[in-house]
Amino acid sequence: MSTRIEVDDLGLVYGSTRALDGLSFTIDGPGIYGLLGRNGSGKTSLLSVLAGFRKATEGRVRLDGEPVFENERNTQRICLIRETGDTVDHDWPEDKVRHALDFAARTRPYWDESYAARLVDLFRLPLRTSVTALSRGQRAGLAVILGLASRAPVTLFDEAYLGLDAPSRYAFYDELLADFMSHPRTVVVSTHLIEEVSRLFEQVLIIDHGRLLLHEDVEAMRARGASITGPAEEVDRLVTGLPVLSEQRLGRTKSVTVFGELGEQHREAARQRDLELGPVSLQDLFVHLTTGGAEQPGPLPGLGQQPRHGGDA
Amino acid sequence: MTVSATRTARSVSGEIAREVLDGELRRKVLSVRDMVVLWVVYLAVVALIGFVLWFWATPGSMWESALSVVKVFGLVLGIYLTAVYLPLYVCHGYTRWRFLARAAGFCLVFSVVVGALLAAGYLVELVAFRALGWRVELSEQHLFTASTQVHLLLAEYVPLVATYIVVGAMLGAAFYRTVVLGLALIPVALVLLVGPQAVLGVGQFGPLPLPGIDLAPSGTLTALLLTTAAASVLIAAVVTAAIARDIPIRTKSG
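Top line first, the protein sequences correspond to chains X and R.
Numbered by my numbering, the letters in the first sequence go through residues 87 to 399 in order.
Numbered by my numbering, the letters in the second sequence go through residues -3 to 250 in order.
It should be emphasised that the hints constitute simulated quantities derived from the structure, not laboratory data.
We treat Cβ as the ideally placed atom computed from N, Cα and C, and that holds for glycine.
Heads up, a few of these hints could be off.
Claimed, not checked - Below, in silico cross-link-like pairs of lysine to aspartate or glutamate (EDC-like), each with a Cα-Cα straight-line distance of 20 Å or less:
| # | chain 1 | residue 1 | chain 2 | residue 2 |
| --- | --- | --- | --- | --- |
| 1 | X | Lys340 | X | Asp370 |
| 2 | X | Lys340 | X | Asp360 |
| 3 | X | Lys182 | R | Glu20 |
| 4 | X | Lys182 | R | Asp30 |
| 5 | X | Lys141 | R | Asp242 |
To be verified - Here are the in silico distance ranges between beta carbons for each label pair:
| # | chain 1 | residue 1 | chain 2 | residue 2 | range |
| --- | --- | --- | --- | --- | --- |
| 6 | R | Glu136 | X | Asp150 | 52 to 62 Å |
| 7 | X | Asp150 | R | Val146 | 46 to 56 Å |
| 8 | X | Leu263 | R | Ala238 | 20 to 30 Å |
| 9 | R | Glu136 | X | Glu180 | 29 to 39 Å |
As the list claims (entries may be wrong) - Under 7 Å between C-beta atoms, here's a sample of chain X residues computed to sit facing chain R:
| # | residue |
| --- | --- |
| 10 | Thr130 |
| 11 | Gln162 |
| 12 | Asp172 |
Use the sequences and the hints to build the structure in full.
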């Protein structure tokens, strides 16, 4: 299902806090996109505006050329899932899991009931239990089911699956990928578990202090740095003068991640010294960009604000 | 009126009509069947209390004394509508306007059904009292003077129930938006609730000393009650819409 999300000079201010500041990007779906940022960087604010939960203070958000806020043609096509699934917390006496699913079935135009039933089995959710009596993990499971089975053309997960245990998280990743392959749509996943989820992402958006730091294809991002592994002395000699993102050492073996593309001279030197070269991890790159690497918030010089393909660049 | 305002008014009234017919909010919040069940249970509780009190004295109208609980129920349900169900529906893809129009349809049905059930309660009480050889004695002034005046019972209770639920919706929206706004609107809510009751002289309120108007049960009193209740409902509805039209949906942390 092809969709185009355009965010143009978006600003959001709460009281004296500027949560979003001049954000602009375009996402041309279908695809799975990662939204990364440190705590308080504006991820939840951005997703809230994208879904029409909040009105932007400045700028605009458009889905397929039309505004989102208070436009039912678009709000019905967007599903934002937050940690608890925004379901029936106080809805006594209709606060059981099955009520939450029935309600979603009535209100979500693309809801797939049989898929929801299969996911209930997968995440072992008790249908007759009150939502408030669920454990944190079970609530996260419910949230994930509400998001996946909504089959909304634009599905946004705001760290919805954080409460899941590791096996359930991996089940969610597998399910998301499988369902995306059979029902392509635009999925945005906001996360702190970068390494765990990064295999799913086609593109990544990194925001910091409410501004877009980077919007790029994952493969292009990984090529923005390199990991070099081998005997410690040889590795140290090779990376002298290069910006080092992280280091790990085990006995005499050392692995160093450097920022920036390795030139042919360095590659040749690595081959001669029998050092192993690999792509940079997304998490190392993220840490670098959002701590010391990017002194000024805003699009990084030399890093594309829009992806090289798939977007409108 | 501009073309877009006309279109908005049409779509809002269409949504109210759809709610009256298909009852999406009634299915979620409180169905007519649930209202009837609650009425039966409440009637039984009031009868039980009346039976206990009978050991001390022949009670007056128990149903009349018991109705303040129903008003509070209407107020709380109104608060729930905007503080709990508005965010829930917006999270599930409704626009705020569509929900508010649906909520208006819900309030309309709730007021008519509950108003009718309250009137029916007087009739049940009348039958029971007659069987026991008692007289139903009303302690407060009403539009009606006997429990058999069904049209006046409806004319009194439907607008009063509507006032309570719509004012509740106003408070719910205000407190959901900010606690300060909610607190600031409490005096306004009190005025809107007291106004129609002061006309009648219910409880500690009124009757209002209106020069030249006889506030004994009459057509004038009925018209005055309907006018003040309609004004309260209208003001509360407009304030609710103004607060909720762009209300931010909170995250769990606030």
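Now the hints, each set against the structure:
With a C-alpha separation of about 16 Å, the suggested pairing of Lys340(X) with Asp370(X) holds against the 20 Å cut-off. The hinted pair formed by Lys340(X) and Asp360(X) meets the criterion: a straight-line CA distance of about 13 Å does not exceed 20 Å. Note on Lys182(X) and Glu20(R): the hinted pairing holds, with a Cα-Cα distance of about 18 Å set against a maximum of 20 Å. Our distance criterion of 20 Å between C-alpha atoms is met by Lys182(X) and Asp30(R), whose separation comes to about 18 Å.
Taking the CA atoms of Lys141(X) and Asp242(R), the gap is about 7 Å. The hint holds against a cut of 20 Å. Here the CB-CB span from Glu136(R) to Asp150(X) is close to 59 Å, well matched to the stated 52 to 62 Å. For Asp150(X) and Val146(R), the Cβ-Cβ distance of about 55 Å falls inside the hinted range of 46 to 56 Å, so the restraint holds. Take Leu263(X) and Ala238(R): their Cβ atoms lie about 45 Å apart, and the range 20 to 30 Å is violated.
As the Cβ distance of Glu136(R) to Glu180(X) is approximately 36 Å, the hint placing it in 29 to 39 Å holds. A distance limit of 7 Å between C-beta atoms decides the matter here; for Thr130(X) the minimum to chain R is near 6 Å, and the interface restraint holds. Taking 7 Å as the C-beta cut-off, the interface hint given for Gln162(X) holds, the closest approach to chain R being about 4 Å. Checking Asp172(X) against chain R by beta carbon gives a least distance of about 4 Å; that is within 7 Å, so the hint holds.
Comparing the model with each earlier hint shows a violation of hint 8 alone; every other hint is respected.
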